[in-house]
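Each protein sequence line maps, in turn, to chains A and B.
Under the numbering used here, think of the first position of the first sequence as 26, with each following residue one higher.
Under the numbering used here, think of the first position of the second sequence as 26, with each following residue one higher.
I should point out that these hints are in silico values taken from the structure, not numbers from a laboratory.
Check the hints yourself; a few may be wrong.
Which copy? The list can't say, so a pair holds if one copy fits it or any two copies do.
Derived pair list, reagent style BS3-like, types lysine-lysine, alpha-carbon separation capped at 30 Å [as the list claims (entries may be wrong)]:
#  : residue 1 : residue 2
1  : Lys-321   : Lys-86
2  : Lys-276   : Lys-101
3  : Lys-321   : Lys-214
4  : Lys-307   : Lys-321
5  : Lys-40    : Lys-210
6  : Lys-307   : Lys-130
7  : Lys-275   : Lys-101
8  : Lys-101   : Lys-284
9  : Lys-89    : Lys-307
10 : Lys-210   : Lys-307
11 : Lys-89    : Lys-101
12 : Lys-210   : Lys-130
Keep in mind it's a predicted model, so treat the numbers as computed, not measured.
There are 2 protein chains.
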Amino acid sequence: MSVLVVGSIALDTVKTPVEEHADLLGGSASYAALSASFFSPVRLVGIVGHDFPASEFDFWKSRKIDSEGVQQASGKTFRWSGEYSWDLNTRETRSIALNVFETFKPALPESYRQTDFVLLANIAPSLQTHVLDQMERPRFVVADTMDLWIETTRDDLDALLPRVDLLIVNDSEAREMTKETSLIKAGRKIREFGPRYVAIKKGEHGALLFGDGDQFFSCGAYPLEDIRDPTGAGDTFAGGMAGYLAGTVKKVHFNDLRKAMIYGSVLASFCVEAFSLERLRKLTIEEINQRYEMFKLMSQFELPA
Amino acid sequence: MSVLVVGSIALDTVKTPVEEHADLLGGSASYAALSASFFSPVRLVGIVGHDFPASEFDFWKSRKIDSEGVQQASGKTFRWSGEYSWDLNTRETRSIALNVFETFKPALPESYRQTDFVLLANIAPSLQTHVLDQMERPRFVVADTMDLWIETTRDDLDALLPRVDLLIVNDSEAREMTKETSLIKAGRKIREFGPRYVAIKKGEHGALLFGDGDQFFSCGAYPLEDIRDPTGAGDTFAGGMAGYLAGTVKKVHFNDLRKAMIYGSVLASFCVEAFSLERLRKLTIEEINQRYEMFKLMSQFELPA
């Protein structure tokens with residue numbers, strides 16, 4: 026089954042303590058769509074400007090990514106520039122130019138309206154809702170968000186949450202949403218806001234998954250010694266989860282979400298090994314499955330002797 | 026097989042944002058010994074003062090804890106007082122009185138010298154070494170340490186490390202020892218200092234285990250909504266690991282250490298549910314095994330449908 030992915034498509038300038046690169050493909054939907062496409066066909070929704078490289082449309086075509094829903098408007102593509110701290114754990118936005126994104130109002134192509142799985146990648150909750158409004162009863166809705174929307178458009182976010190099956194947030198966002206310091210309490214409390222399932226990403230410490238009652242799953246992060254650029258890791262995680270579910274599962278159960286979360290983690294671990302989408306572009310499903318198996322081995326309490 | 030446990034025995038005063046309790050049994054050896062005793066007989070080494078409650082000796086006798094190695098000196102028992110931050114994540118030492126601990130020079134009873142497993146719980150590395158010097162070729166040596174010794178007696182610690190099979194540190198200590206921000210790099214680097222195996226505790230984020238080559242194990246923490254007093258969690262973790270190994274394993278392999286680390290985590294998760302050793306005193310092996318199984322379930326990537 027296909028997954029519809031909506032989010033931002035951007036040209037990024039990224040500075041780490043070691044290097045700086047400009048005009049890189051970025052944006053939540055770019056990462057999420059490519060990540061999801063390893064598991065299922067993707068229907069991409071977004072907007073780009075006249076300066077957007079045509080080669081990216083060719084690349085999407087070469088993968089299972091339908092870009093009929095990507096508007097090309099006159100004006101410039103959304104641009105973001107950020108700089109990471111010495112340990113890559115925090116980042117500062119140096120500049121942001123919404124450009125064509127400022128007036129973006131996603132209109133779904135007719136062919137997209139019946140898509141069973143939806144990933145509302147990180148954009149304003151009002152746009153996420155607007156996309157959802159145009160769909161005919163999707164089976165499973167995954168949504169990502171960020172601190173900005175929690176702080177500035179909380180009402181919009183709260184209105185969206187009851188329509189979401191799986192909400193993905195990071196640890197600080199979970200604490201901010203709930204005013205709880207315990208992530209266990211925070212995860213359970215977010216479920217009361219509407220989403221049936223909640224995934225909390227903890228960066229180098231892995232992720233937590235909450236479901237009905239005492240359904241709970243916890244995993245570490247795949248151990249990486251060197252991280253080159255953390256940009257897009259969260260979007261890639263969300264894309265991997267949604268893509269795995271769309272490509273593999275008819276009716277989603279908690280145990281499917283466990284595997285989905287691991288695939289999301291695996292995809293994110295590849296993402297940060299290079300700038301932009303460079304590592305993901307070269308990635309193969311064999312490499313993904315190999316790392317999945319390694320990761321499983323590293324997390325198993327008991328192994329046969 | 027037995028495990029020898031040496032460390033501090035203290036009377037603690039602990040203040041959390043919610044409550045304060047005085048004259049509680051504490052100290053690294055108290056926690057570690059009781060935790061280990063669920064799995065194997067313990068030979069306890071330490072020192073207490075004339076003010077130490079006789080009831081504790083009775084309690085040890087009622088468990089598999091041999092206290093022949095606990096000196097009772099004239100003078101007062103070691104006392105520590107600490108206060109936790111609002112989120113229980115950091116603590117400040119309010120006062121410390123070494124008392125009888127100041128001149129402590131552990132002398133092993135003859136019956137202790139041939140003990141196969143040793144846990145050098147958190148005390149000065151020179152004392153840990155002194156105990157090890159009196160032993161006849163133990164099979165497996167576990168050592169715990171803390172920031173204080175890394176900062177003030179690093180040479181003593183470095184001299185001890187090549188004699189240690191498993192070193193247990195927390196995340197900030199691992200970073201401090203190695204000047205590495207990546208815990209993956211830090212764990213591998215500590216192994217170069219001597220210990221064959223290294224466990225890094227990450228509190229609410231679980232723990233990492235490093236062995237030869239690419240031997241690696243990662244686990245989350247058992248999810249707890251309410252923590253009452255974090256004091257002793259690390260000592261309890263170390264005691265659980267060492268006790269499980271001593272009680273279960275002839276020759277320690279990496280896969281045994283996985284299970285040991287989980288048992289250590291489980292014991293620690295009980296420890297923080299109450300002040301001092303109150304929860305551990307009432308704990309049963311059935312409760313431990315039940316939580317182990319729950320924890321395993323919560324961490325499994327794939328479950329049979």
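Evaluation of the provided hints:
When the C-alpha separation of Lys-321 and Lys-86 is checked against a cutoff of 30 Å, the pair qualifies neither within a copy, at 33 Å, nor between copies, at 43 Å. Taking the shortest Cα distances, Lys-276 and Lys-101 never come within 30 Å of each other, neither inside one copy (41 Å) nor across copies (66 Å). In this assembly of identical chains, the alpha carbons of Lys-321 and Lys-214 lie at most 30 Å apart whether taken from the same copy (29 Å) or from different copies (24 Å). When the C-alpha separation of Lys-307 and Lys-321 is checked against a cutoff of 30 Å, the pair qualifies only within one copy, where the shortest distance is 23 Å, while the shortest distance between copies is 35 Å.
Proximity of Lys-40 to Lys-210 under the C-alpha cut-off of 30 Å is restricted to the inter-copy arrangement: shortest distance 23 Å between copies versus 35 Å within a copy. For a Cα distance limit of 30 Å, the shortest separation of Lys-307 from Lys-130 qualifies neither inside one copy, at 32 Å, nor across copies, at 61 Å. In this assembly of identical chains, the alpha carbons of Lys-275 and Lys-101 never lie at most 30 Å apart, being 40 Å within a copy and 68 Å across copies at closest. With identical chains, the CA atoms of Lys-101 and Lys-284 are never at most 30 Å apart, being 39 Å at best within one copy and 56 Å at best between copies.
Proximity of Lys-89 and Lys-307 under a CA criterion of 30 Å is satisfied intra-copy only: 15 Å inside one chain copy versus 58 Å between copies. For the identical chains of this complex, Lys-210 and Lys-307 are inter-copy neighbours only, at 26 Å across copies versus 39 Å inside a copy, given an alpha-carbon limit of 30 Å. Only within a single protomer do Lys-89 and Lys-101 lie at most 30 Å apart by alpha-carbon distance; the minimum there is 26 Å, versus 74 Å between protomers. In this homomeric assembly, Lys-210 and Lys-130 never come within 30 Å of each other (Cα to Cα): the closest approach is 36 Å inside a single copy and 46 Å across copies.
In summary, the structure is inconsistent with hints 1, 2, 6, 7, 8, 12 from the numbered list given earlier, while agreeing with the others.
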